[in-house]
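These protein sequences, in sequence, are chains R and W.
Following the numbering used here, the numbering of the first sequence begins with 1 at its first residue and continues without gaps.
Following the numbering used here, the numbering of the second sequence begins with 1 at its first residue and continues without gaps.
Be a bit skeptical, because a hint or two may be false.
The list treats identical chains as interchangeable, and a pair is accepted whether it falls inside one copy or across any two copies.
Only pairs whose alpha carbons sit at most 20 Å apart, straight line, appear in this in silico SDA-like list of lysine to any residue [claimed, not checked]: (1) LYS58 to GLY340; (2) LYS385 to ASN298; (3) LYS154 to ASN379; (4) LYS129 to LYS351; (5) LYS16 to PRO235; (6) LYS33 to GLY349; (7) LYS44 to ARG230; (8) LYS16 to ARG364; (9) LYS58 to GLU360; (10) LYS87 to THR377; (11) LYS129 to PHE11; (12) LYS129 to PHE29; (13) LYS385 to TRP312; (14) LYS306 to HIS226; (15) LYS27 to PRO9; (16) LYS44 to THR5; (17) LYS225 to ARG310; (18) LYS208 to LYS225; (19) LYS129 to GLN262; (20) LYS385 to HIS226; (21) LYS385 to GLU347; (22) LYS87 to ASN344; (23) LYS306 to ASN166; (24) LYS87 to VAL64; (25) LYS57 to VAL391; (26) LYS33 to GLU53; (27) LYS306 to MET316; (28) LYS16 to ASN298; (29) LYS129 to PRO9.
Because the hints were derived from the structure by calculation, they are not lab data.
There are 2 protein chains.
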Amino acid sequence: MENFTFYSPTFFVFGKDTETQAGEYVKQFGGTKVLIHYGGQSAKKSGLLDRVEDSLKKEGIEYVTLGGVKPNPRSGLVYEGIELCRKEGVDFILAVGGGSVIDSSKAIAAGTIYDGDFWDFYSGKPIEKALPVGTVLTIAAAGSEGSPDSVITKEEGMFKRGASGNAIRPRFSILNPALTETLPPHQTAAGITDIMAHLYERYLTNTKEVEVTDRLIEALLLTMKHEGPRVIADPHNYEARANIMWAGMVAHNNTCGVGRSQDWNSHNIEHELSALYDCAHGAGLAVTMPAVFKYVMNHDVMRFAKVAVRVWGCQMDFDHPEVTALEGIEAFRSFLISLGMPKNFEELGAKEEDIPKLVEVLCRGDGRDGTISGFVTLNEEDCTKIYQMMV
Amino acid sequence: MENFTFYSPTFFVFGKDTETQAGEYVKQFGGTKVLIHYGGQSAKKSGLLDRVEDSLKKEGIEYVTLGGVKPNPRSGLVYEGIELCRKEGVDFILAVGGGSVIDSSKAIAAGTIYDGDFWDFYSGKPIEKALPVGTVLTIAAAGSEGSPDSVITKEEGMFKRGASGNAIRPRFSILNPALTETLPPHQTAAGITDIMAHLYERYLTNTKEVEVTDRLIEALLLTMKHEGPRVIADPHNYEARANIMWAGMVAHNNTCGVGRSQDWNSHNIEHELSALYDCAHGAGLAVTMPAVFKYVMNHDVMRFAKVAVRVWGCQMDFDHPEVTALEGIEAFRSFLISLGMPKNFEELGAKEEDIPKLVEVLCRGDGRDGTISGFVTLNEEDCTKIYQMMV
């Protein structure tokens, strides 16, 4: 195991009706003037925003609101949020939504008290301070509720890039699984895929003898395998929703990823797809991961055989481990398709003729040197082949 | 899943040579005058104390030291520590040792700035404030490095009781697996047993449909099953030590125990043994758990069958699940014995004739009403039978 530090100080409030405590927690964590940041109309129509606003009023906390966050959140709205926060003297950002809303909130939190352009943080500058952020989570997917990460897309060039820092970790996150019951099935499935991607990206490691984190990752994958189909079959299965929601947090707060190298090539390859086609990140990952895994499988066949046996219930072929490894990848792919995820470029809305452009932005965009690295280092030729496997 | 809150803000520093960073972290978390609290001579002889002291000196931080913490830490030394801290104006407690040293440090931290008798906290008074505590962990076992808990034994009456509160959670914990390599095999095995007990106490739940936490617990049990024998066979297996050490933290910071009822009857039943005979807590648990599990098995046979199949590799007997359930308990018992743990009262140094006294203190001591409750509520007759099964 490699040396590491681990820090996950977010206060989690989990369960039914917990969104009505948002005001109490904002107060406890020092907020006096809040920006409630949210996405589309569903938060309004469902009454969720009203309940959150009521909880702030009850504590005598002032607030302004800014909706309109879209999946793959854009820098334009972040600039708008920063301006609003400065004008209104906001001292606390409350995200009410999924990963996109939380990521946009984190960007606003860092940008509001920064003299330069907030995009600096998404070009490599460390985030040292930010307004405190709290969240009321409505989608189990991104894990942003317990992570120091944020991903934003810059309209100019459609660069999708990440920033990270403890200053933008949520101070508290309210997780009510019942809020996820009204999601369309496609979004639920995309969220499940995203969570499983966070697990696979950590599973694909070059660090040896990391049994504890291997086992924890497998535990969470097994949970998703069990609960995914149950929640697609019955969107109102609260218990399945609850298991998925906690798994989504633990999958990404790094409890199961410490002390080991990680991959993240699938995320990078996918980011260009959701940036260009504006598809759901999880849907893009469903098409990307099987292709990437097949392409890199021979780098460590036994690792792929392990997850095949331990998670997907494959019988180990001791004479031909590569058969088992491939069987596990196919089982994962079939699982994602069974949830309703797309299986290729066409179903995703992507176009084969765009591959050169995708590879260019992926491998050369934003100062990259022609390769992306993770479990395996991939060059432009590799990435071209991987995108072609997805057609 | 039940509603819950989860909070684990400790900053973990994990890996080789990390104890030399103790001074930096004390400084970062605001300490200016430190009590270094430790156990016996091994911390001195091994050079560990010197390295920690050097790291404090390097940061210009003053300190006093207080050694002598024994397993099953006593209130006497806590009173001594409180007096010393008040006299010296200590503002930070640095525990260098295992669970006993950390628990004693937490008690001193709470007691130093409390007007009354610190034992109030161990009789049910909530801990609201305490001096900050940091740890340099030397035994993977108690999980106290990431928990809000402390257990202290009061000499008068030999009551062993716990206290809990976020104020006594370590601000930082330094975990260097190499520091555990010099432990005697019995202590290593007792630590492994304690970690597995923390997992079983959470596994034995009456809450239904908690797949995510079931799977996480099983993952950590599987890790211990794999790494336990490796570390007993080769005490210098750093990787196995590392996997066990992280498992020990995750097992007890409650990531895998949230939203479900828990048991803790085995801990309560064992506490009377280590209080009376001063045996290692883990050794006491090794004798206690199989007896308790057999006694309560019929309360939920399928739960015991599940852990038997998923962790102990038993084949499910679908016609007689109770056969599988029992097989899993026996497999666990055999595993503990194979690590060198005692299997009965005699090997533990306990005496059959003391059973009435053990039951009296357990069920009536400190204001209890004749029962203890957890997975199953047990009365004096139940507890008598359980102790008799251990003879």
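Hint-by-hint comparison with the structure:
1. LYS58 to GLY340: For LYS58 and GLY340, neither the intra-copy (42 Å) nor the inter-copy (59 Å) Cα distance is at most 20 Å.
2. LYS385 to ASN298: Classified as within: same-chain Cα gap 15 Å, cross-chain 57 Å, threshold 20 Å.
3. LYS154 to ASN379: neither (24 Å within a copy, 65 Å between copies)
4. LYS129 to LYS351: This pair counts as neither: shortest intra-copy Cα distance 41 Å, inter-copy 60 Å.
5. LYS16 to PRO235: Result: close within a single copy only, 16 Å intra versus 47 Å inter.
6. LYS33 to GLY349: neither (42 Å within a copy, 63 Å between copies)
7. LYS44 to ARG230: Neither: 28 Å inside a chain and 56 Å across chains, both beyond 20 Å.
8. LYS16 to ARG364: neither (46 Å within a copy, 37 Å between copies)
9. LYS58 to GLU360: Neither, since 52 Å and 50 Å both go past 20 Å.
10. LYS87 to THR377: The answer is neither: 46 Å in one copy and 59 Å across copies each exceed 20 Å.
11. LYS129 to PHE11: Both: 19 Å inside a chain and 18 Å across chains, each within 20 Å.
12. LYS129 to PHE29: both (16 Å within a copy, 17 Å between copies)
13. LYS385 to TRP312: neither (26 Å within a copy, 43 Å between copies)
14. LYS306 to HIS226: Both: 18 Å inside a chain and 15 Å across chains, each within 20 Å.
15. LYS27 to PRO9: both (17 Å within a copy, 19 Å between copies)
16. LYS44 to THR5: neither (40 Å within a copy, 26 Å between copies)
17. LYS225 to ARG310: Both. Shortest intra-copy (12 Å) and inter-copy (15 Å) distances satisfy the 20 Å Cα cut-off.
18. LYS208 to LYS225: between (26 Å within a copy, 18 Å between copies)
19. LYS129 to GLN262: neither (26 Å within a copy, 39 Å between copies)
20. LYS385 to HIS226: neither (33 Å within a copy, 39 Å between copies)
21. LYS385 to GLU347: Classified as within; 19 Å inside a copy, 64 Å across copies.
22. LYS87 to ASN344: neither (46 Å within a copy, 71 Å between copies)
23. LYS306 to ASN166: neither (33 Å within a copy, 39 Å between copies)
24. LYS87 to VAL64: Cα proximity of LYS87 and VAL64: one copy only (11 Å, versus 51 Å across).
25. LYS57 to VAL391: neither (52 Å within a copy, 62 Å between copies)
26. LYS33 to GLU53: Classified as within: same-chain Cα gap 12 Å, cross-chain 45 Å, threshold 20 Å.
27. LYS306 to MET316: within (8 Å within a copy, 22 Å between copies)
28. LYS16 to ASN298: Intra 45 Å, inter 32 Å, cutoff 20 Å: neither.
29. LYS129 to PRO9: The answer is both: 16 Å in one copy and 18 Å across copies each meet 20 Å.
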